[in-house]
Amino acid sequence: MNRYSTWKYILIAVAVLAGLLYALPNFYGSTPAVQVSTRATSAIKVDEVARAKVQAALAAAKIETTGITLDAHGIRARFKDEDTQLKAKGTIEAALITEKDPEDSPYTVALNLLSNSPDWLSSIHALPMYLGLDLRGGVHFLYQVDMKQALTKRLDSLAGDLRSQMRSKNIRHTGIDRTPAGIVIKFSSEPVRSQARGLILDSFPELAVVEGNEGTELKLTASLKPESERKVQENAITQNIATFNKRLNSSGVAEAVIQQQGLDRIVVELPGVQDPGAIKNLLGRTASLELRMVCESPDELSAAAAGNVPFGCEKFPAKTGGFEMVRKRVELTGDRLTDAQPGFDSQTQEPAVHLALDAAGANTFKYLTAENINKRMAILLIERNKGEVVTAPVIRGEIGGGRVQISGRMSSAEANEVAILLRSGALAAPMEIVEERTIGPSQGKDNIDKGFHSTWVGFSLIALFMMFYYMLFGVISVASLGVNLLFLVALLSMLQATLTLPGIAAIALTLGMAIDANVLINERIREELRGGATPQAAITAGYERAFGTILDSNVTTLIAGLALLIFGSGAIRGFAVVHCLGILTSIFSSVVVSRGLVNLIYGSRRKLTKLSIGQVWKADADQAVAAPQGTAAVSAAKAASAVANKKPVGN
Amino acid sequence: MEFFRIRRDIPFMKHALVFNVISIITFILAVVFLVTRGLNYSIEYTGGVVIEAQYAQSASLTGVRDALVKAGIGEPQVQNFGSSRNLIIRLADKDANIPAFTALDPASKKLTFNADKFAAVAIAAGGPDGKITRTEVVGPQVGKELASDGALALLLVVIGIMGYLALRFEWKFSVAAIIANMHDVVIILGFFAFFQWEFSLSVLAAVLAVLGYSVNESVVVFDRVRETFRKRRAMSVPEVINHAITGTISRTIITHGCTQLMVTSMLIFGGPTLHYFALALTIGILFGIYSSVLVASPIVMWLGISRGDLIKPEKKKDVNGGAVV
Numbered sequence: 000m001n002r003y004s005t006w007k008y009i010l011i012a013v014a015v016l017a018g019l020l021y022a023l024p025n026f027y028g029s030t031p032a033v034q035v036s037t038r039a040t041s042a043i044k045v046d047e048v049a050r051a052k053v054q055a056a057l058a059a060a061k062i063e064t065t066g067i068t069l070d071a072h073g074i075r076a077r078f079k080d081e082d083t084q085l086k087a088k089g090t091i092e093a094a095l096i097t098e099k100d101p102e103d104s105p106y107t108v109a110l111n112l113l114s115n116s117p118d119w120l121s122s123i124h125a126l127p128m129y130l131g132l133d134l135r136g137g138v139h140f141l142y143q144v145d146m147k148q149a150l151t152k153r154l155d156s157l158a159g160d161l162r163s164q165m166r167s168k169n170i171r172h173t174g175i176d177r178t179p180a181g182i183v184i185k186f187s188s189e190p191v192r193s194q195a196r197g198l199i200l201d202s203f204p205e206l207a208v209v210e211g212n213e214g215t216e217l218k219l220t221a222s223l224k225p226e227s228e229r230k231v232q233e234n235a236i237t238q239n240i241a242t243f244n245k246r247l248n249s250s251g252v253a254e255a256v257i258q259q260q261g262l263d264r265i266v267v268e269l270p271g272v273q274d275p276g277a278i279k280n281l282l283g284r285t286a287s288l289e290l291r292m293v294c295e296s297p298d299e300l301s302a303a304a305a306g307n308v309p310f311g312c313e314k315f316p317a318k319t320g321g322f323e324m325v326r327k328r329v330e331l332t333g334d335r336l337t338d339a340q341p342g343f344d345s346q347t348q349e350p351a352v353h354l355a356l357d358a359a360g361a362n363t364f365k366y367l368t369a370e371n372i373n374k375r376m377a378i379l380l381i382e383r384n385k386g387e388v389v390t391a392p393v394i395r396g397e398i399g400g401g402r403v404q405i406s407g408r409m410s411s412a413e414a415n416e417v418a419i420l421l422r423s424g425a426l427a428a429p430m431e432i433v434e435e436r437t438i439g440p441s442q443g444k445d446n447i448d449k450g451f452h453s454t455w456v457g458f459s460l461i462a463l464f465m466m467f468y469y470m471l472f473g474v475i476s477v478a479s480l481g482v483n484l485l486f487l488v489a490l491l492s493m494l495q496a497t498l499t500l501p502g503i504a505a506i507a508l509t510l511g512m513a514i515d516a517n518v519l520i521n522e523r524i525r526e527e528l529r530g531g532a533t534p535q536a537a538i539t540a541g542y543e544r545a546f547g548t549i550l551d552s553n554v555t556t557l558i559a560g561l562a563l564l565i566f567g568s569g570a571i572r573g574f575a576v577v578h579c580l581g582i583l584t585s586i587f588s589s590v591v592v593s594r595g596l597v598n599l600i601y602g603s604r605r606k607l608t609k610l611s612i613g614q615v616w617k618a619d620a621d622q623a624v625a626a627p628q629g630t631a632a633v634s635a636a637k638a639a640s641a642v643a644n645k646k647p648v649g650n
Numbered sequence: 000m001e002f003f004r005i006r007r008d009i010p011f012m013k014h015a016l017v018f019n020v021i022s023i024i025t026f027i028l029a030v031v032f033l034v035t036r037g038l039n040y041s042i043e044y045t046g047g048v049v050i051e052a053q054y055a056q057s058a059s060l061t062g063v064r065d066a067l068v069k070a071g072i073g074e075p076q077v078q079n080f081g082s083s084r085n086l087i088i089r090l091a092d093k094d095a096n097i098p099a100f101t102a103l104d105p106a107s108k109k110l111t112f113n114a115d116k117f118a119a120v121a122i123a124a125g126g127p128d129g130k131i132t133r134t135e136v137v138g139p140q141v142g143k144e145l146a147s148d149g150a151l152a153l154l155l156v157v158i159g160i161m162g163y164l165a166l167r168f169e170w171k172f173s174v175a176a177i178i179a180n181m182h183d184v185v186i187i188l189g190f191f192a193f194f195q196w197e198f199s200l201s202v203l204a205a206v207l208a209v210l211g212y213s214v215n216e217s218v219v220v221f222d223r224v225r226e227t228f229r230k231r232r233a234m235s236v237p238e239v240i241n242h243a244i245t246g247t248i249s250r251t252i253i254t255h256g257c258t259q260l261m262v263t264s265m266l267i268f269g270g271p272t273l274h275y276f277a278l279a280l281t282i283g284i285l286f287g288i289y290s291s292v293l294v295a296s297p298i299v300m301w302l303g304i305s306r307g308d309l310i311k312p313e314k315k316k317d318v319n320g321g322a323v324v
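Protein chains in written order, with numbering that gives the first Met the number 0: chain A, 0 to 650; chain B, 0 to 324.
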């Protein structure tokens, strides 16, 4: 009866093998490295020459490397520890980046942590656990997006639009005010008010209107609808994330994590980075948009063809590659742009970007387009005094009303990108850092050592005690606890959940708690034996009776874990993820795996007379039988006589 | 080998009143300390700055302290952290934002705490070769949310566990288990208030984990109570409970002993970061055994648990045929 069917053994074996496989990369460890790559925009590729330069620079600075490799990702130089890595980064930067502004250099130099595991493991996505910042050092920021400002900005621009549209439709109001409640428009007569109301309902789907009177004055109060408010907020946060991504990518920070947290926060985590000030400047800087005309008179074109920059023009790199000659005169700035959305041309169905300008911008734009039909205008993104031509479309006709469409020769993905770029040139809404953490690399290593050291010591102590107290059943318990640890590590590696120091503490605690299940089972088996059951029956009853209790107690622990997971952030979350996963793996390993082992050892023995579960002490047999220390001698005959002679204790 | 050689059921319930009086006294003391001393919240809750610095040699605590006082901070908190070469400095939010330590943040156009400026003023005063190994800056609004999230998490745990126990056992069990274990939580907090140990996020995690864990204890005993009710029809309620506790006591001690082995190892080897986490667990485990066995069970008894509560009674026919007055 204590036999598992073959498929159960196979299941356990497969689970353990998979666990081993996915836990394996963690044993290889990882090496701190410096990675040199080129910017996506740059034509230069990282080559042997650059590699030689890196090698020479490191040799000159007497920095020891454990290997420099060159592959499709760039150059990777490995070092023995984080301190050397930091020093090497400075040296390599000095050797490769000669430009005054590092962002002009085609190269980016970044810190990286390379796994030492062989390629075949990486190819099946068996990766080492993802270490949190407190274990590997780095910078963590929590940005709070000022949503109130984002909403105000949006409502301001809608108020401007509304004003100009009412003017062009000749709807006479006696005043438009921006109040905290929304846009308040006053009228002198009812027909005009209903006309205005119609306009808002037709052309401003984002606004909700309420009528009201103040003395003799008729009023309309327009405010953002709740769903448009939500949209504005969502846009603000996705735009800011897009901007952060772009800026971090171009600065060459490897493995940056940028995530939304809650409704209005952005988490930025940069492993390996040690200078929060530089990152703050990078992320927080503002960019602006400019609209200028392209230099394309015949003289200018011939000058450009000869390789000169014509008078009154400037040369800017174009996003699509190559360069554009653009006039120095700025026609319009991004302050006038209120929105940019990707979409489709209503006639040709080509992907397009729809721009919305505020009233003053619309006016300027109308004159500009009227005067420059069939000429090209350029939209530039200026960041840190450096410009880039995002797009340079041809003006087909006069455009009034502040609604502009850029189309032609773009895919919808490109349209989307341009729209985001135009919107997020400047950050969509101001942001504030509400949490900032910097952890030095040596401290991270220290935390790992302490965490693992305490786990191992605790584990060994428990193992020693269990084996001493429960003999073979103790060994089985320890084996299943080991399997539990293996599963937990494998699961964390597979899910690539972030492991933090509280996470390691959770591993330790989970192991300390998981042994409960085995103690319950072992105690129960002893009790059944004490009660006179045969060894085989005791095993079955022990596991069956203990299971209900194990389940109940794990569910209550899991409830606590889930509550932590739902409401926790940061340190708590790191703890809760591991804790919850650990509870799940421990149910499996302490019940299924340990039972499998027991069945394998004892299940096939028909005439089993004793179990190696430590001494089973019986109140009445205490004096009569001096059981050999450490073994339970419960023969079937004695058990039978016990049943006959006295009332069983347990049952 | 067997540690527990118990011949007869131990009459725990005879001393039920004593256990509960001890419990109530500890509980009241804990509440008194919580009210009079309050918790020493970490900056994660209050907002502010924590800086850890490492020096080549022993750092001068007074040097750093004097520099901070000179910069205008009334009572700077400067301590050694792990070794004499390491310092930890805590600044309240208002102290961190004095002009000497702030620089303009480009994103918000506001003055915010700047570690470099702080290092130049304070860290340099502690000795040569001092460098910052960790900084943590938390705005006050984040702290407030954490406190309310913590309270919500606690509430969810309590409701979840009560609901589950009521479903699996009976409401009397769930009430008893929660009273017993919530009082553990208060006692842990009482310890933290009395000794003014730092109450950080990881301590909160430990407290909630302990809550889930020590409810286990009650569950194991209750399970046995139910089983005994089924099997031993002749036993009175206190006898049943005594029998259940006696039957599980060896498991209780061994399990908690094992968990405590792990926690002690964390306490000794885990370093200062895990110190209070492990400490909260230790207190929680010790009081957890006591309360979930010796406090929860008497409460169940006093709430009037009976065999019928746990074992579905056969439907009794109403003698009066449903007539009511």
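Please note that a few of the clues may not be correct.
Pairs of lysine to aspartate or glutamate, EDC-like flavour, derived with a Cα cap of 16 Å [to be verified]: (1) A:Lys61 <-> A:Asp82; (2) B:Lys130 <-> A:Asp82; (3) B:Lys116 <-> A:Glu370.
Some, not all, of what chain B presents toward chain A, calculated at C-beta under 8 Å [unchecked claim]: (4) Lys13; (5) Leu16; (6) Asn19; (7) Ala114; (8) Val137; (9) Arg167; (10) Glu169; (11) Leu203; (12) Thr254.
Derived from the structure by calculation, the hints contain no laboratory data.
Note that the structure is a prediction, hence the values are computed from the model and not measured.
Heads up, the beta-carbon is just placed ideally off N, CA and C, and yes, glycines get one too.
Status of each hint after checking the structure:
no.	hint	in the structure
1	A:Lys61 <-> A:Asp82	14 Å, holds
2	B:Lys130 <-> A:Asp82	13 Å, holds
3	B:Lys116 <-> A:Glu370	54 Å, violated
4	Lys13	21 Å, violated
5	Leu16	27 Å, violated
6	Asn19	22 Å, violated
7	Ala114	7 Å, holds
8	Val137	5 Å, holds
9	Arg167	6 Å, holds
10	Glu169	13 Å, violated
11	Leu203	7 Å, holds
12	Thr254	4 Å, holds
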